[in-house]
Amino acid sequence: MTTQDIIRALNETFELKAEVLHGNQIRVSMHKKQVAPVLLYLKNQWGFIHLDHVSCVDWIEENVFELVYIVYRPQDQLTVLVKTKIHREHPEMENMEGFWPHMRTYQREIREMFGIEFPGFEAPREFILEGWEEIPPMRRDFDTRGYVKRTYTTRPGREDAWSVREYITRRTGEKLPDFARKYSRD
Amino acid sequence: MSIIDLKGLLVPLGALKQIAKEPHTIKYPDQTKEISERYRGFHYNDLDLCIGCGNCSTICMNEAIDMVEVEDIEGKPGDSGLRPRIDYGRCCYCALCVDVCPSGSLSMTADFIKVSEDAFDFLMIPGKDNPGGKDKITFDASTDTSLNLFERVPMRELPPEERVQSFAEVFLGYTEEEARIEASRCITCGLCTENCPVHMHIPEYINAISRGDDEEAIRIIYDNNDLPEMCGKVCTRRCEDVCALQVRGEAVAIRWLKRYATERAENADMIRRIVNPEIREPNGIKVGIIGAGPAGLTAGYYLALKGYDITIYEAKSEPGGMIMYGIPKYRLPYDSIQKQVDYMKSIGVKIHFNTKVGKDISFDEIYNKHDAVFMGVGLQKGYTLGIEGEDAEGVWAAVDFLGLVNEGKRPDMGKRVVVVGGGDVSMDSSRVSRRLGAEVVQLYRRRIVDMPADDEEIEGALEEGVQIIEKAIPTRVIKDEKGRVKGMEYVRAELVPPEGGGRPRPVPIKGSETVIECDSIIAAIGQKADFGLLPEKVQNSLTFERGKIKVDDERRTGYPKLWAGGDAVKYGRVDAISAIADGFYAAESIDAYFMQVKA
Chain A
0 MTTQDIIRAL
10 NETFELKAEV
20 LHGNQIRVSM
30 HKKQVAPVLL
40 YLKNQWGFIH
50 LDHVSCVDWI
60 EENVFELVYI
70 VYRPQDQLTV
80 LVKTKIHREH
90 PEMENMEGFW
100 PHMRTYQREI
110 REMFGIEFPG
120 FEAPREFILE
130 GWEEIPPMRR
140 DFDTRGYVKR
150 TYTTRPGRED
160 AWSVREYITR
170 RTGEKLPDFA
180 RKYSRD
Chain B
0 MSIIDLKGLL
10 VPLGALKQIA
20 KEPHTIKYPD
30 QTKEISERYR
40 GFHYNDLDLC
50 IGCGNCSTIC
60 MNEAIDMVEV
70 EDIEGKPGDS
80 GLRPRIDYGR
90 CCYCALCVDV
100 CPSGSLSMTA
110 DFIKVSEDAF
120 DFLMIPGKDN
130 PGGKDKITFD
140 ASTDTSLNLF
150 ERVPMRELPP
160 EERVQSFAEV
170 FLGYTEEEAR
180 IEASRCITCG
190 LCTENCPVHM
200 HIPEYINAIS
210 RGDDEEAIRI
220 IYDNNDLPEM
230 CGKVCTRRCE
240 DVCALQVRGE
250 AVAIRWLKRY
260 ATERAENADM
270 IRRIVNPEIR
280 EPNGIKVGII
290 GAGPAGLTAG
300 YYLALKGYDI
310 TIYEAKSEPG
320 GMIMYGIPKY
330 RLPYDSIQKQ
340 VDYMKSIGVK
350 IHFNTKVGKD
360 ISFDEIYNKH
370 DAVFMGVGLQ
380 KGYTLGIEGE
390 DAEGVWAAVD
400 FLGLVNEGKR
410 PDMGKRVVVV
420 GGGDVSMDSS
430 RVSRRLGAEV
440 VQLYRRRIVD
450 MPADDEEIEG
460 ALEEGVQIIE
470 KAIPTRVIKD
480 EKGRVKGMEY
490 VRAELVPPEG
500 GGRPRPVPIK
510 GSETVIECDS
520 IIAAIGQKAD
530 FGLLPEKVQN
540 SLTFERGKIK
550 VDDERRTGYP
560 KLWAGGDAVK
570 YGRVDAISAI
580 ADGFYAAESI
590 DAYFMQVKA
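Protein chains in written order, with numbering that gives the first Met the number 0: chain A, 0 to 185; chain B, 0 to 598.
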């Protein structure tokens, strides 16, 4: 089996344009409705029996989340990255917990970290975070630094820290006006 | 099914084939587990390579990294002197700090075990507290994986063959999109500000440009530079020499970004509306300024903002001094200077043109009419070559030649010009001569790499067909029977390192005399000041050092109520931005002086 065989099969069966990412890796993007049939097809017809990983990327500028399902065929170490983009407003993806048992773990993680819902998925909502009351923390609009500032105290012994800008300004005698300060780094 | 289950007996024996294989487990503590190739354990920082920019500290969302003073590390231009210290109670080992390290000093190691009962032990200065980490680096800040953008957005320019046809501006300026992208490369550390003589607020105005706030950028720029459009085009940009990104890539195009922002204000009225400076009530104190060059204009502008009554006396008919008469128009167009001076006039700066001090008005008269005087007279006279035959017709001092061309005259330089020198003025002379239609040969006594001229100028001159002869020392001007230049004789030199170290010295090679035929010669080997305007009693109370007036940190001379700045003063470097700094600090000093007198 070669990458070209898989690319051809995906094209003939689903009219998808897959491409070689590098080496034994194939990448293919599709509408979210095609993801379940494609994953089942790869698993049952082509021996991609292992779900390697599911990841999510927040493309906030495009107002979408991108989900990436990575499946693996052990005989010849072939990998396919199945990608899809879903709207950032009310994001939903098909529940595929029946395909692989550990899909549950990935779905729980993505639901908690990005706030993506999988209708019909009945696993407990709380996964890694405890008593989380903010927006999902892996979303790009989550203010990590603000959260850190609000939540954690600074340990003693760190009072001698300098702002690099201030430190240099003190050395040069530069007088930084207030209206400029809002563009400073710290 | 037989009584004896043969298969059941034999199958377990298959496991025996594993007996000779290496086990996957390890014998702890005799053996330790192998660490993965790109493991992210404790940090290591090459303290010599680190420039203390603090980008690691800024990127850390857990606020685990502090920038702290470290024993034996001194700050200098291009190095804040601070080094990162990591709170391992907060670090999540994500390595973003390594990915954004511009110098490549920060890395992560295979070490991950530290046992201590003292919580403070977990505040560590990488490199200082774990010098051995150097040999255990697993995750480094390679330029392949770095998140810094090391390549600058190229500046569009006219093709060389088109440039030499006219005095049209060579560089075309960034478009809005180009400026935003270039500005976004800046990591806003501020190392650059230390190398700028006037310490402009560089990270702030670049950050404003990257956010699309061009008018705010202009306001920030004018806070301590009144001639920023000029600087945006022709500054010597020492700031870029110490940019954090130039350690492993191309410096942020600070000069071009300043040019982009200041060109958004198309005329004096727009500058006035955008900068909208606070102007203090007139205080009735009169300050006279000699010379409308960058130093004088700057002192005048910032004093006018502080409520002083400013009059500038200028010998020439146009403002700007050397930036008007010395810098060719293809680098700095006339309108660009005029616009900035018109803005200063709108603030209340008065300029008397065609008023040469010492001829049209005496120094004493100015001194008596005003409560204080600032002098920025520049370097008006070119040094002569000091060789036989240089009184020939057709031998020019670069400053006179460039001045004439900038006044709009087009002297006949003949078919071939020889330019002597290696600084920016020599490049200007060569490139202007090309524009006047001459072939140009430039002689320099060291190598091209040793030239003090801006690399961009050298490159521009070569592209425009200027031929540079390295290690060549002029020895004689050859005249024809009418006393006109006919040729130039020079000898080749070899560079000999002087005893006791230092810059190699060019030593003539005997018998290497060569003659180039030429119609004109331009000497661009430096200029000197002319203090003839000062009465003897004033001259006697000033200190001169190598032909320049000595001033203190506040640009005060030894004569009461007389401040001085610019090229004619011994303070810092000889360039426009240093002159601006002189004018700026003199204005602060003059103001402080009168505030004290009042109090």
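No lab work stands behind these hints, which were simulated from the structure alone. Among the hints, erroneous ones may be present.
[Said to hold, decoys possible] Here are the computed lysine-lysine pairs in the DSS-like style, where the Cα-Cα straight-line distance is at most 30 Å:
1) B:536 x A:148
2) A:174 x B:305
3) A:174 x B:414
4) B:75 x A:181
Results of checking the hints against the structure:
no.	hint	in the structure
1	B:536 x A:148	65 Å, violated
2	A:174 x B:305	16 Å, holds
3	A:174 x B:414	53 Å, violated
4	B:75 x A:181	26 Å, holds
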